[in-house]
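**Q** Could you build the full structure based on these sequences and the hints that come with them?
Number of protein chains: 2
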Amino acid sequence: MNRYRKAAVLGIIVLGVFACALLTGDSAVAGKKKSFGTGTIIPPVPVWVIGSYDTDGKPNMMTASWVGICCSDPASVTVSIRESRYSYINILATRSFTVNIPSKKYAAETAFFGTVSGRDVDKLAATGLTAVKGEHVNAPYLAEFPLVVECRVSTMVPVGSHTMFIGEIVDIKVDESVLDENGMPDPMKVSPFLFCPGSNGFYGTSELIGRVGELQRKIKR
Amino acid sequence: MNRYRKAAVLGIIVLGVFACALLTGDSAVAGKKKSFGTGTIIPPVPVWVIGSYDTDGKPNMMTASWVGICCSDPASVTVSIRESRYSYINILATRSFTVNIPSKKYAAETAFFGTVSGRDVDKLAATGLTAVKGEHVNAPYLAEFPLVVECRVSTMVPVGSHTMFIGEIVDIKVDESVLDENGMPDPMKVSPFLFCPGSNGFYGTSELIGRVGELQRKIKR
Chain S
1 MNRYRKAAVL GIIVLGVFAC ALLTGDSAVA GKKKSFGTGT IIPPVPVWVI
51 GSYDTDGKPN MMTASWVGIC CSDPASVTVS IRESRYSYIN ILATRSFTVN
101 IPSKKYAAET AFFGTVSGRD VDKLAATGLT AVKGEHVNAP YLAEFPLVVE
151 CRVSTMVPVG SHTMFIGEIV DIKVDESVLD ENGMPDPMKV SPFLFCPGSN
201 GFYGTSELIG RVGELQRKIK R
Chain Z
1 MNRYRKAAVL GIIVLGVFAC ALLTGDSAVA GKKKSFGTGT IIPPVPVWVI
51 GSYDTDGKPN MMTASWVGIC CSDPASVTVS IRESRYSYIN ILATRSFTVN
101 IPSKKYAAET AFFGTVSGRD VDKLAATGLT AVKGEHVNAP YLAEFPLVVE
151 CRVSTMVPVG SHTMFIGEIV DIKVDESVLD ENGMPDPMKV SPFLFCPGSN
201 GFYGTSELIG RVGELQRKIK R
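Going line by line, the protein sequences match chains S and Z. For the first sequence, the positions run 1 to 221 when our numbering is used. For the second sequence, the positions run 1 to 221 when our numbering is used.
What the hints contain is simulated information worked out from the structure, not anything from laboratory work. It cannot be assumed that every hint is accurate.
From the structure, some residues in chain Z lie toward chain S, with a derived Cβ separation under 8 Å [stated by the list, open to error]: (1) L92; (2) A93; (3) I101; (4) V190.
Note that beta-carbon positions come from the ideal geometry of N, C-alpha and C, so glycine has one too.
**A** Here it is as structure tokens:
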């Protein structure tokens, strides 16, 4: 009788462990996925303010998130813009633009640059920010933003609702106050932020998780 | 005499305030910028793991940061890859790839995927992660990653060292555990991270700064 009771207790324990593994295992290792079909809800993407001159030489700034680095040599970026945008016409005419990386304290100005059109509003006057003529290209950059990039358009690629402007990077300028002890831009001092399509929000950048070279050594080949 | 002393003190105060404004004003509003010439040190950029099958049907994963959303309609992404990469040949053959967004806890696996070649190492076996055949395209996605995207190549654009693969987004799949109360991906739960070229580090995503619609209202037109 004692032997049967022991076997029963053992059986219940084994079954319990099994049930726990079944209940928790799947969701812990790989969650059930919900399908959203097509769309652009891929978080997070960069927030870049694109500077251009209009045909009267008036500076304009437009916030874009359909952007990215696209080539190492020649160092190039891509910025996708709708044909209906004021900046589209400007960049088409000047073949030049700047990329301006905002720090967190300029989140409101950056949201504003992406919401109103330069056709209707002088965005520089409204925000009080300072446009400086590019040193190498015919486009203005923002004096107050910590990292700015001068670009010359090399190619345009129509994709659908948007046209990709491929811009060759001519010069990167960084505020001396955001450089680290090696003279390189310190991401925590630049304090950039990200856009998450879907929630339509700006999110901050937080601490260093690790350097790629060190992290990859944790995996045994 | 007393009157002159008062005027002198007042004069010194006014001059002092002026000097302080001159000394602090410029650096607080717009710092002196150091020029870096051309290059790709533009922080931060996304970290995407690109899934593909080789000609034997073996799954491979490669980490890429020269990437971005590039069109709303048709919803599309761009991923730049060097011709020498194993994934380049795979995607050329299958015209398909997946974008897998890693959460912070997979930083080491993600660094590893970007450092070794699928020609030399079975990266899935080394990391113990699970490749699942895409539902709509001929490419594998990672079961463990919280947000995955199936893409079909629509165009290729050679830029220089890299070729841009433009991929039309066919389906986005999101772990139910990272959805918010409205059923949308919650960026804080996805817990993605960013790459900062220059420091060669992965950085986390932090708190919501604000929604674009609310932030832009802080600027008076």
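**Q** Next, verify each hint and record whether it holds.
**A** A quick look at each hint next to the structure:
Checking L92(Z) against chain S by beta carbon gives a least distance of about 18 Å; that is not within 8 Å, so the hint is violated. Given hint, A93(Z) at the interface with chain S, is violated; its Cβ is 22 Å from that chain's nearest Cβ, farther than 8 Å. For I101(Z), the interface hint holds, the least distance from its beta-carbon to any beta-carbon of chain S being 7 Å, beneath 8 Å. At a threshold of 8 Å, the smallest CB-CB gap from V190(Z) to chain S is about 6 Å, leaving the interface hint in force.
Hint check: violations occur at hints 1 and 2; the rest are consistent with the structure.
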